Amino acid sequence: MTDEKGFIKTDKFLESSLDGIFALGDAIGTQPFKHAANYEAECIYKTLNGNDTPVDYSAMPRAIFSSPQIAAVGSTEQ
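Here the sequence shown is numbered in the working numbering, starting from 1 and rising by one per residue.
A couple of the hints might just be wrong.
[Said to hold, decoys possible] Straight-line Cα separation of at most 25 angstroms, DSS-like style, residue types lysine-lysine; simulated pairs:
{"#": "1", "residue 1": "Lys34", "residue 2": "Lys9"}
{"#": "2", "residue 1": "Lys46", "residue 2": "Lys12"}
{"#": "3", "residue 1": "Lys34", "residue 2": "Lys46"}
{"#": "4", "residue 1": "Lys46", "residue 2": "Lys5"}
{"#": "5", "residue 1": "Lys34", "residue 2": "Lys5"}
{"#": "6", "residue 1": "Lys34", "residue 2": "Lys12"}
In short, the hints are calculated from the structure, not lab data. Quantities reported herein were computed from a predicted structural model and do not represent experimental measurements.
Model the full assembly from the supplied sequences, consistent with the hints where possible.
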């Protein structure tokens, strides 16, 4: 099942509405960063190996590779 923007809906363990089917990265539209997809893959791996690991984006780093580079982690004003 997808949301109104076409992204795959997942639960806190990144499992879709189809039992045993997981989604991550750009397909879920949550955090559009390569390092976020790596983290999501790690959480799925742990869940599949019996250690249910919910995704927690509270400390997800963000970076813009401009000159100068800009980065942030943690809470924002919003």
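Hint-by-hint comparison with the structure:
1. Lys34 - Lys9: This hinted pair holds, its Cα atoms lying about 19 angstroms apart.
2. Lys46 - Lys12: Cα-Cα ~13 angstroms, so holds.
3. Lys34 - Lys46: 19 angstroms, holds
4. Lys46 - Lys5: Given that 25 angstroms is the threshold and the Cα spacing comes to 28 angstroms, the pair is violated.
5. Lys34 - Lys5: Holds: Lys34 and Lys5 sit about 20 angstroms apart, inside 25 angstroms.
6. Lys34 - Lys12: 19 angstroms, holds
Comparing the model with each numbered hint stated earlier shows that hint 4 is the single one that does not hold.
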